[in-house]
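Now for the letters of each chain:
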Amino acid sequence: MVCREVLDRLSPFLDDELDAFGSREVSRHLESCPSCAAAFARQKQLGETLRRDLEYHRAPDLLRARVLRDARAAVRRDEGPFFRAAAHPWRWVSVAAAVMAVAGGAWLVASLPLMAGGDAATREAVSSHVRSLMASHLTDVASTDQHTVKPWFSGKLDFSPPVTDFSVADFALLGGRLDYLQGRSVAALVYQHRKHIINVFVWPDTHEQAMLASTRQGFNVILEKHAGMAYCMVSDLNPVELATFARMLTAVSLPPR
Amino acid sequence: MTHEGRADRDMPQRSLSPRQMDRFHESVLPYLDAAYNLARYLVRDPHDAEDAVQEAFLRATRHFDGFRGVDGRAWLLSIVRNACFTLLRRRRSGSEVVEFEEEMHSVEDEASGPEADLARTIAAEQLHEGLARLPVEFREVLVLREMEGLSYKEIAQVAGVPIGTVMSRLARARRQLSVALTAGPEESA
Chain F
552 MVCREVLDRL SPFLDDELDA FGSREVSRHL ESCPSCAAAF ARQKQLGETL
602 RRDLEYHRAP DLLRARVLRD ARAAVRRDEG PFFRAAAHPW RWVSVAAAVM
652 AVAGGAWLVA SLPLMAGGDA ATREAVSSHV RSLMASHLTD VASTDQHTVK
702 PWFSGKLDFS PPVTDFSVAD FALLGGRLDY LQGRSVAALV YQHRKHIINV
752 FVWPDTHEQA MLASTRQGFN VILEKHAGMA YCMVSDLNPV ELATFARMLT
802 AVSLPPR
Chain G
33 MTHEGRADRD MPQRSLSPRQ MDRFHESVLP YLDAAYNLAR YLVRDPHDAE
83 DAVQEAFLRA TRHFDGFRGV DGRAWLLSIV RNACFTLLRR RRSGSEVVEF
133 EEEMHSVEDE ASGPEADLAR TIAAEQLHEG LARLPVEFRE VLVLREMEGL
183 SYKEIAQVAG VPIGTVMSRL ARARRQLSVA LTAGPEESA
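Residue numbers (the numbering used here), protein chains in the order written: chain F, 552 to 808; chain G, 33 to 221.
I should point out that these hints are in silico values taken from the structure, not numbers from a laboratory. Don't take every hint at face value.
What the hints assert, rightly or not - Computed beta-carbon distance windows for the label pairs: (1) F:Phe710 / G:Val102: 29 to 37 Å; (2) F:Ser678 / G:Thr118: 30 to 38 Å; (3) G:Ala155 / F:His608: 13 to 21 Å; (4) G:Arg124 / F:Ser705: 29 to 37 Å; (5) F:Phe710 / G:Thr118: 27 to 35 Å; (6) F:Asp604 / G:Pro78: 37 to 45 Å; (7) F:Asp709 / G:Val168: 44 to 52 Å; (8) G:His79 / F:Ser678: 43 to 51 Å; (9) G:Val168 / F:Gly706: 50 to 58 Å; (10) F:Ala723 / G:Pro78: 28 to 36 Å; (11) F:Thr766 / G:Ala155: 19 to 27 Å.
Stated by the list, open to error - As a list, the in silico SDA-like pairs of lysine to any residue whose alpha-carbon atoms are at most 25 Å apart: (12) G:Lys185 / F:Pro755; (13) F:Lys707 / F:Glu675; (14) G:Lys185 / F:Tyr731; (15) G:Lys185 / F:Gln596; (16) F:Lys746 / F:Lys707; (17) G:Lys185 / F:Gly573; (18) F:Lys746 / G:Ser183; (19) F:Lys595 / F:Leu613; (20) F:Lys746 / F:Leu605; (21) G:Lys185 / F:Glu675; (22) F:Lys746 / G:Gly181; (23) F:Lys595 / G:Arg124; (24) G:Lys185 / F:Lys707; (25) F:Lys595 / G:Gly181; (26) F:Lys595 / G:Ile195; (27) G:Lys185 / F:Arg682; (28) F:Lys595 / F:Ala672; (29) G:Lys185 / G:Gly196; (30) G:Lys185 / F:Asp696; (31) G:Lys185 / G:Thr197; (32) F:Lys595 / G:Gln208; (33) F:Lys595 / F:Phe572; (34) F:Lys746 / F:Asp696; (35) F:Lys707 / F:Arg745; (36) F:Lys595 / F:Asp566; (37) G:Lys185 / F:His744; (38) G:Lys185 / G:Gln208.
Every value quoted in this text rests on a predicted model; they were computed, and no experiment measured them. Using N, Cα and C, we set each Cβ at its ideal position, and we do this for glycine too.
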């Protein structure tokens, strides 16, 4: 392969979208051609810059409330959607609750002491993640059914963690277990994405904190406090997919009515 | 966004059975943030983005019967991007319209790729500025790839173009952005 052909393929090579043959040809060329290797390094750096520095705009709460209201209004009334919805009260936010939350200024930006507290929680969460993998004690209740996992926690915890199975998006719920973080009992929800295990630690916290991503001992960690709960997600999954998962998780974890 | 825009918006129709609502909840609603983020980068205005996303979710509930696959994210995002492009066309009408053509919007393709080294840290403002100057079709593929981590196949589904087009758009978007960032804000106009 000559330089021109290699440079044309750098972008799909970077995205792992070349076939095995093409990919081998490009990497062989890069090993022997410093100028193409430098071009590749620049492309890679641009991607890292974009992923790190571009702001991810999360949906404002008022939009969330409008979308949920519309969706609820789209359900055929004769089949009794409100009774069904009442069975999963945590799924629904009333417009009034959202408006009050916004008006009340409940959305506090993370403060420094919070970050420090978050840091300790993060450290303990990573240790616990490692323990759960090594001791082959991943779950106390092994079930892919959210309606089995959620009730299992009641009576064991003084709060009710939101439990949703995201199998349709390839984040399958494996089960849950009790764990301890920062001197208190927490819910640990276990998910699997491809070969990657994700531990989600959940405990009540009335602060609000935007998604805070970090890396510790080679694991990616996301800490977020939202709608009365703190979520700490730990996995060896790459940061982009872990963030996708975090957004799905908190999107359905709405303030209770 | 104007109030005329709201007036012609479709109202919710009672199109979902409770069972479908459950599926909608599990496979589409979790991507609300992804939908809003894409809309923000496409239309570049918070209010227009909210309108486009709300409109897209309304369409999604009405056409949920047509949702066959398991990839709720790509399905929703394609509806969102269409809502955004409709909004952009409406916004542009009256002013000079530059239709996007695949071969037009490219910077000099030089085999030696003489992009100078990117500064180790590029100011976030400069990055947003560079991104804002790209054709919206280029911003779209960059956001879907770098922020959502979608595969080329999924991006093709969202944008409604062949995979080969996704590949060439991404390559040229990256090249154009890195040239803009190296040239500095005053030269890239």
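Results of checking the hints against the structure:
1. F:Phe710 / G:Val102: 29 to 37 Å: Check passed, 32 Å falls within 29 to 37 Å.
2. F:Ser678 / G:Thr118: 30 to 38 Å: Once the Cβ atoms are compared, 50 Å apart, the range 30 to 38 Å for Thr118 of chain G and Ser678 of chain F is violated.
3. G:Ala155 / F:His608: 13 to 21 Å: holds, 19 Å
4. G:Arg124 / F:Ser705: 29 to 37 Å: The hint (29 to 37 Å, Cβ to Cβ) is violated, given that Arg124 of chain G and Ser705 of chain F are roughly 55 Å apart.
5. F:Phe710 / G:Thr118: 27 to 35 Å: violated, 44 Å
6. F:Asp604 / G:Pro78: 37 to 45 Å: violated, 19 Å
7. F:Asp709 / G:Val168: 44 to 52 Å: holds, 50 Å
8. G:His79 / F:Ser678: 43 to 51 Å: holds, 45 Å
9. G:Val168 / F:Gly706: 50 to 58 Å: About 53 Å separates the Cβ atoms of Val168 of chain G and Gly706 of chain F, which means 50 to 58 Å holds.
10. F:Ala723 / G:Pro78: 28 to 36 Å: Given about 35 Å between the Cβ atoms, the range holds.
11. F:Thr766 / G:Ala155: 19 to 27 Å: Once the Cβ atoms are compared, 24 Å apart, the range 19 to 27 Å for Ala155 of chain G and Thr766 of chain F holds.
12. G:Lys185 / F:Pro755: violated, 40 Å
13. F:Lys707 / F:Glu675: holds, 21 Å
14. G:Lys185 / F:Tyr731: violated, 42 Å
15. G:Lys185 / F:Gln596: With Cα atoms ~24 Å apart, Lys185 of chain G and Gln596 of chain F stay inside 25 Å; holds.
16. F:Lys746 / F:Lys707: Measuring from Cα to Cα gives roughly 30 Å; hence the hint is violated.
17. G:Lys185 / F:Gly573: holds, 18 Å
18. F:Lys746 / G:Ser183: holds, 18 Å
19. F:Lys595 / F:Leu613: violated, 37 Å
20. F:Lys746 / F:Leu605: violated, 28 Å
21. G:Lys185 / F:Glu675: Roughly 39 Å separates the two Cα atoms, so the pair is violated.
22. F:Lys746 / G:Gly181: Distance ~17 Å between Lys746 of chain F and Gly181 of chain G Cα, so the pair holds.
23. F:Lys595 / G:Arg124: Cα-Cα ~35 Å, so violated.
24. G:Lys185 / F:Lys707: violated, 45 Å
25. F:Lys595 / G:Gly181: Given pair Lys595 of chain F, Gly181 of chain G holds - Cα atoms ~14 Å apart, limit 25 Å.
26. F:Lys595 / G:Ile195: At roughly 21 Å apart (the allowed maximum being 25 Å), Ile195 of chain G and Lys595 of chain F satisfy the hint.
27. G:Lys185 / F:Arg682: violated, 37 Å
28. F:Lys595 / F:Ala672: Violated, at about 32 Å.
29. G:Lys185 / G:Gly196: OK: Lys185 of chain G and Gly196 of chain G at ~10 Å, within 25 Å.
30. G:Lys185 / F:Asp696: violated, 30 Å
31. G:Lys185 / G:Thr197: It holds: about 11 Å lies between the C-alpha atoms, which stays within 25 Å.
32. F:Lys595 / G:Gln208: holds, 15 Å
33. F:Lys595 / F:Phe572: holds, 21 Å
34. F:Lys746 / F:Asp696: holds, 20 Å
35. F:Lys707 / F:Arg745: violated, 30 Å
36. F:Lys595 / F:Asp566: Given that 25 Å is the threshold and the Cα spacing comes to 10 Å, the pair holds.
37. G:Lys185 / F:His744: Within the cut-off at roughly 19 Å; holds.
38. G:Lys185 / G:Gln208: holds, 23 Å
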